Amino acid sequence: MGEVMTAQGRALPAEDTADLREIGFRSLDFSELALRVEDELGDELNFDAPGLRRIATVGDVLDFIEQLQSA
Amino acid sequence: MSEAPSVVPPASVVLVSGGSRGLGLAIVTDLLAAGLKVGAFARTVTPELTALGEKYPDHLHYGSVDINDGAAGQAFVKAVESTLGPIDALVNNAAIGQDSLHVHTSADHVAEIIQTNLTSPLILTRFVLRRMLAKGLKGRIVNITSICAQRGYPGLVAYSATKGGMDAATRSLARELGGRILANAVAPGFFASEMSAVLGQTQLDQIVRRTPTGHLTEPEDVLPVVRMLLLENTNLNGQVLVVDGAASI
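Going down the list, the sequences are from chains A and B. Sequential numbering of the first sequence, starting at 45, is according to this note's numbering. Sequential numbering of the second sequence, starting at 3, is according to this note's numbering.
Since the hints were made in silico from the structure, they are not lab data. Note that the structure is predicted; figures quoted are calculated from it, not measured. Where hints are given, some of them may not hold.
What the hints assert, rightly or not - Computed Cβ-Cβ distance ranges for the label pairs, DEER-style:
(1) A:Leu72 - B:Ala109: 12 to 22 Å
(2) B:Pro226 - A:Arg80: 44 to 54 Å
(3) A:Arg54 - B:Pro226: 46 to 56 Å
(4) A:Glu84 - B:Thr236: 51 to 61 Å
(5) A:Val81 - B:Gly99: 40 to 50 Å
For glycine and all other residues, C-beta sits at the position ideal for the given N, C-alpha and C.
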């Protein structure tokens with residue numbers, strides 16, 4: 045997540061509770077993150093949008109990625 | 003000397019795909035109430051469709067058929083014809099939705115959406131048309147598409163492509179069928195029930211405020227349009243009628 049934000053000239057906040065809207069982390073940024081994780085795993089992480097809509101904080105992003113990896 | 007204008011008579015036996023719930027069920031209910039005979043199928047027969055079968059035993063033939071099972075679909079068409087009489091109208095309503103960004107939708111799911119929403123309806127249409135033409139019938143086709151075919155919405159890439167495909171097929175069918183069979187499409191806006199499932203109340207209120215008619219589309223808004231295309235002599239052919247309260251304009 046930090047790499048995605050750094051590539052856009054922004055920094056990842058330390059707090060898991062940081063609001064994604066406030067730090068400018070949009071849904072397409074999440075897609076980029078998921079695709080980077082896919083590259084690492086060598087496997088696709090497909091998912092529906094409703095799960096994406098529930099993501100509001102940095103912690104939610106990390107939890108969601110973890111869930112995808114373990115699914 | 004010119005030929006007398008060809009008039010397509012009102013539909014009498016209508017085949018409705020995806021007729022067990024939502025808009026499809028509402029269409030089946032409306033057509034039965036209007037006195038038409040209806041053949042309705044869906045992957046799963048619901049209690050509501052069963053209840054209609056009990057209410058209209060001589061006018062409704064229904065069954066569980068997956069539109070992607072071509073052989074089952076053809077057998078159902080023949081069963082409808084033997085029970086209710088020759089089919090002279092088809093409402094292509096069966097479809098599956100989508101709610102996922104294109105990059106996160108598996109290739110298999112993209113293929114499934116295209117198969118269910120575009121390929122299978124076209125194959126069903128082909129089969130029904132062949133039987134209508136072979137019997138010397140005139141008739142009507144109504145394709146239920148979507149505002150997504152004309153406007154872009156995130157999370158609906160494959161779905162929109164299929165609906166756009168059906169809109170395009172509607173126009174070509176109208177040309178091919180030479181006025182003997184009228185082909186039109188109805189493109190509803192988002193239904194309130196669909197929108198409320200994915201949007202918050204604040205967003206819903208905002209969309210309603212931006213809709214000139216002041217309300218989101220309900221199945222009841224679509225029914226008179228489908229009924230008109232099946233029954234009235236309007237010379238509408240090859241058209242896509244958008245029912246969305248001008249929300250998309």
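* Which numbered hints does this structure break? -> Hint 5 contradicted; others consistent.
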